[in-house]
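Asks: Here the protein sequences line up with chains A and B, keeping their order.
Here the first sequence stands for residues 638 to 854, where the numbers follow my numbering.
Here the second sequence stands for residues 991 to 1248, where the numbers follow my numbering.
Hints listed in this document are in silico derivations from the structure and should not be mistaken for laboratory results.
Among the hints, a few may not be true.
Claimed, not checked - Calculated from the model, a selection of chain A residues having no Cβ within reach of chain B, i.e. all distances over 12 angstroms:
(1) Ser660
(2) Glu690
(3) Gly695
(4) Lys706
(5) Gly708
(6) Glu720
(7) Ser780
(8) Gly782
(9) Ala792
(10) Met808
Said to hold, decoys possible - SDA-like cross-link-like pairs, simulated, lysine to any residue; straight-line CA separation at most 20 angstroms:
(11) Lys796/A with Met638/A
(12) Lys691/A with Lys1162/B
(13) Lys691/A with Asp1163/B
(14) Lys1162/B with Glu690/A
(15) Lys706/A with Ile1180/B
Claimed, not checked - With beta-carbon atoms standing in for the labels, derived distance ranges:
(16) Ser1019/B with His837/A: 51 to 61 angstroms
(17) Leu654/A with Pro1202/B: 52 to 62 angstroms
(18) Lys706/A with Tyr1129/B: 27 to 37 angstroms
(19) Gly756/A with Val1028/B: 54 to 64 angstroms
(20) Glu696/A with Gln1160/B: 41 to 51 angstroms
(21) Glu690/A with Val1014/B: 26 to 36 angstroms
Glycine included, every Cβ here is placed at the ideal spot set by N, Cα and C.
For reference, the chains in residue letters:
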Amino acid sequence: MLEVKDLAFAYPGASRLLYCDFSFCVEAGERVELRAPSGFGKTTLCRILAGYEKPLAGEVLVDGAPLPKRGASPVQLILQHPELAVDPRMRMADTLAEGMAGSRERSLAGARSQLLSDGEVCRVVEGLGIREQWLSRFPHELSGGELQRFCVARALLAKPKYLIADEISTMLDAVTQAQIWGFILEELARENCGLVFVSHSSALSARIATRTVNLSD
Amino acid sequence: MSELVSVLHLPRVRGAENRRRTLVACVVSAMLLIVLTVAGLVAHDAAMATDFTRSNLAPCLSHPFGTDWMGRDMLLRTLAGLSTSILIGLAAAGVSAVIALVLGTAAALGGRKVDAAISWLIDLMMGIPHIILLILISYALGKGFIGVTVGVALTHWPSLARVIRAEVLQLKDSTFVAAARRLGASNVHIALRHMLPYVLPQFVVGLILLFPHAILHEAAVTFLGFGLSPEQPAIGIILSEAMSYLSAGMWWLAVFPG
Chain A
638 MLEVKDLAFA YPGASRLLYC DFSFCVEAGE RVELRAPSGF GKTTLCRILA
688 GYEKPLAGEV LVDGAPLPKR GASPVQLILQ HPELAVDPRM RMADTLAEGM
738 AGSRERSLAG ARSQLLSDGE VCRVVEGLGI REQWLSRFPH ELSGGELQRF
788 CVARALLAKP KYLIADEIST MLDAVTQAQI WGFILEELAR ENCGLVFVSH
838 SSALSARIAT RTVNLSD
Chain B
991 MSELVSVLHL PRVRGAENRR RTLVACVVSA MLLIVLTVAG LVAHDAAMAT
1041 DFTRSNLAPC LSHPFGTDWM GRDMLLRTLA GLSTSILIGL AAAGVSAVIA
1091 LVLGTAAALG GRKVDAAISW LIDLMMGIPH IILLILISYA LGKGFIGVTV
1141 GVALTHWPSL ARVIRAEVLQ LKDSTFVAAA RRLGASNVHI ALRHMLPYVL
1191 PQFVVGLILL FPHAILHEAA VTFLGFGLSP EQPAIGIILS EAMSYLSAGM
1241 WWLAVFPG
């Protein structure tokens, strides 16, 4: 279970708290939509859940334990802007290998050389429609949608227990959206992995969510 | 089809050619520096040999740069002076750049107190005219090669340290570093793979810009009499000694080394 307990959060210099005594939990295998108008802190909550931001008070627990300080986090975040989430000077194969190296105690060089001989990587790469020639490219040689597939693949390879998706498909066309979400849902079901997501497309939310949490209440 | 492919690959080919040209230029200038240094080291003793029967000769075939009032060959003295300057420049710039790298990185990663202390030190160093500090350090260390090298090294790191601090700070807060950390990347991995490729170009450019700066300061301090000892052939010494002979019409003493 992914739990948020008595959360309080404010950005430095802000005059009021963004969250105060906020609690919320997600069961394994559950798919929760976060819904709120702009500026209500959906992205901030996503970042706190994944450990990108430290709350002022309260804690984030995965199966009763706080997020680990070292090693691969059991909560993986996929961001809205994939171009910020990958190192512009690293080839995509190396970026992808980071997802494997952290979770499986493998050296990065080892992870890279085994990249396409690893059955799981092949399955994820194929399922997300990543072409082999993209692997040797730099991020600026790929489009936003192509980059986002790498970010999804990298997060899934890290074997998360919970996946946080912050408007990950807003820049994609409908067909690509369907392909990527279809694959993510398949993977979530296979690993019994929970999902917290934000989306501005109500049709998409209706198809994915098993529960909706309204932050503006 | 093949034309299309070749058009698509054009930037990459041009990039490779550009890289090769840069590499050739680097190798040629490094060779030049090495040859000068070695020639100077070899000529070091010969440059100190005096021969009063041939003093004050104007440039001729056997002495292309002329001789000074003690009959020392000015070509050899210039070469030896250059090599001393290059060695001091290399040592001082290298040490200075490493100080900048260590302090800049420490300021960015060491927390608020360390950052405040190092930033204060940088401001302090930048606030003092560094030629004065350089003279004081060199004088306190008993002048000579060590005094000048340490002096130059200790006074020239602040601006590079500030650049490196800014670069590492920006990287530390970047989203891709946060993502890598959440994916389980170690600190060493992040430093080597996500920070080094960004800091290295700044470091190399800083080092290369420091090199001529260090040489100029060495010459300046030596010229003022707070640097190398007068019997050593160094550009600053040669120039400051030549000063008093210029009015006697011995222009070659200053023109060639200068």
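Asks: Determine whether the Cβ-Cβ distance between Gly756/A and Val1028/B falls within the hinted range of 54 to 64 angstroms.
Replies: Holds, at about 58 angstroms.
Asks: Checking the smallest CB distance to chain B, is Glu720/A really beyond 12 angstroms?
Replies: 9 angstroms, violated
Asks: With a cut-off of 20 angstroms on the C-alpha distance, tell me whether Lys1162/B and Glu690/A pass.
Replies: Holds: Lys1162/B and Glu690/A sit about 14 angstroms apart, inside 20 angstroms.
Asks: Taking the CB of Lys706/A and the CB of Tyr1129/B, does the distance hold inside 27 to 37 angstroms?
Replies: Because 50 angstroms falls outside the window, the suggested range is violated.
Asks: Find the nearest Cβ of chain B to the Cβ of Ser780/A and say whether that gap is larger than 12 angstroms.
Replies: 16 angstroms, holds
Asks: Please check whether the beta-carbon of Gly695/A is more than 12 angstroms away from every beta-carbon in chain B.
Replies: The assertion about Gly695/A holds, with a minimum of 19 angstroms to chain B.
Asks: Against chain B, does Met808/A hold up as non-interface, every C-beta pair farther apart than 12 angstroms?
Replies: Holds, because the least Cβ-Cβ distance between Met808/A and chain B comes to about 16 angstroms, which exceeds 12 angstroms.
Asks: Taking the CB of Ser1019/B and the CB of His837/A, does the distance hold inside 51 to 61 angstroms?
Replies: 57 angstroms, holds
Asks: Measure nothing beyond the straight line between the CA atoms of Lys691/A and Asp1163/B; if it is 20 angstroms or shorter, mark the hint as holding.
Replies: 14 angstroms, holds
Asks: So if I understand the rule, the pair passes when the alpha-carbon distance is 20 angstroms or less; does Lys706/A with Ile1180/B pass?
Replies: 15 angstroms, holds
Asks: Is it true that the CA of Lys796/A sits at most 20 angstroms from the CA of Met638/A?
Replies: Within the cut-off at roughly 16 angstroms; holds.
Asks: May I ask you to check that Glu690/A keeps its beta-carbon over 12 angstroms from the closest beta-carbon of chain B?
Replies: Check fails; 10 angstroms does not lie beyond 12 angstroms.
In this structure, the hints that do not hold are numbers 2, 4, 5, 6, 9, 18, 20 and 21, in rising order.
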